[in-house]
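Modelling step: build the complete structure from the supplied sequences, incorporating the hints.
So you can see what is in the structure, the chains are spelled out below.
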Amino acid sequence: MDTENLIRTLTADNPTHERPVGQSLLIGLVFAAPVSVVMFMMELGMRKDVMTAMRNPFFDLKFVVTIALAVSAIAVSLHLSRPEASLGRWAWLLAIPVGLLGIGMMGEMTMPNRTPMMTRLIGNNSRVCVLAISLLSLPLLAAALLALRRGAPSHPALAGAFAGALSAGLAATLYASHCTDDSPLFVATWYTLAVVVVAGIGALAGARVLKF
Amino acid sequence: MRGREEDEWTGLMLAANAGDNPAYHRLLKAVTPVLRAGARRGLARAGQPVDQSEDIVQDILLAVHLKRHTWDPKAPFAPWLFAIARNKLIDALRRRGRRIFVNIDDFSETLPGDPVEETVPAGEVTAHLSTLPPRQRDVLQSIAVDNASIKETAAKLSMTEGAVRVALHRGLSGLASKLRSE
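Chains as they are written, first to last, in this note's numbering: chain E, 1 to 212; chain W, 1001 to 1182.
Since the hints were derived computationally from the structure, they do not count as laboratory data.
Treat the hints with caution; some may be incorrect.
Partner residues aside, some chain W positions facing chain E, computed with beta carbon under 7 angstroms [to be verified]:
#, residue
1, 1025
2, 1080
3, 1150
Even glycine gets a Cβ: it sits at the ideal position worked out from N, Cα and C.
Structure (structure tokens):
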């Protein structure tokens, strides 16, 4: 087929438009979220004292941090789905969840009668935490990668890593309502570890499936 | 250096997105010689015969077409185009087993005296055409090779025009993914 013919054919296909990547991502996450929620309800469920816990600012902070992570990672992965985009200053969006967590840790340090640092750090559930967040994020990660395949990232592994981070952020939002460890120190250690694991999986998968 | 021309591309792409098919055709025609020159330069730098450039040009055009929804209409068109082109050039050279250093200016600079005519005809797209599902293959064959319109194709294959459009789009996506997994 010579190039002139190809151009004519592409022109004939011009009326067919793909939907924007952001829309695909939204649809994908809306379909995947119930899967993660069902997994969560069947295996973990919310903690029993959730009504009292809500009055603890450190419990609430977990949600603020995980949602901030999810939202900023969504913004970055959509940015990276354009071919001319590189990470650059967009990486600073991650400073929002990190900063919020930092403020929480400082706030906790000023509290009187706090439990010893190592107790707060190790908590009750660290292994469950990392495992649960990682597993709950997998349906979301699959949906996010599928949606981002409609994009054209020049850095597919990086885009995949942010798809992992956004999935882990959403999964951690679920998990946070089960977890009885509310210390920002615990969150900064174990939640972060889970996010790094899922981002790593996302990067490996992204390098393969997000190339356009 | 090519500023005015590149502004024109942005305008054409905006018109194309609004449904102006002749504008889209003009745009693709206008960028093709630039892509060809860039592909030749990349091949030359990698020590490859430059007359294989047409396969790369077609691969780029296909990706431009299928990914044009990732172009931000508020941004100029040329940087987006060259980013797609660089990606495809790197892929093509990698497939030929070369360690590559694609110069970022391969596409954005046209040197005087660059040949702009098609040289050796491309074969990869045609080769993959026959591996598509029958419906898509027939539709593409009719439109791309036999020069028929969508309407004529629908009549010839006893399909609705809508079905022809769907098969055409899926066929083009299929070709792109076959080129990618080569």
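Holds or violated: is there a CB of chain E closer than 7 angstroms to the CB of residue 1025 of chain W?
holds, 4 angstroms
Min Cβ distance, residue 1080 of chain W to chain E: is it shorter than 7 angstroms?
holds, 5 angstroms
When the least beta-carbon distance from residue 1150 of chain W to chain E is tested against 7 angstroms, hint result:
holds, 6 angstroms
Violated hints for the displayed structure: none, as all numbered hints are satisfied.
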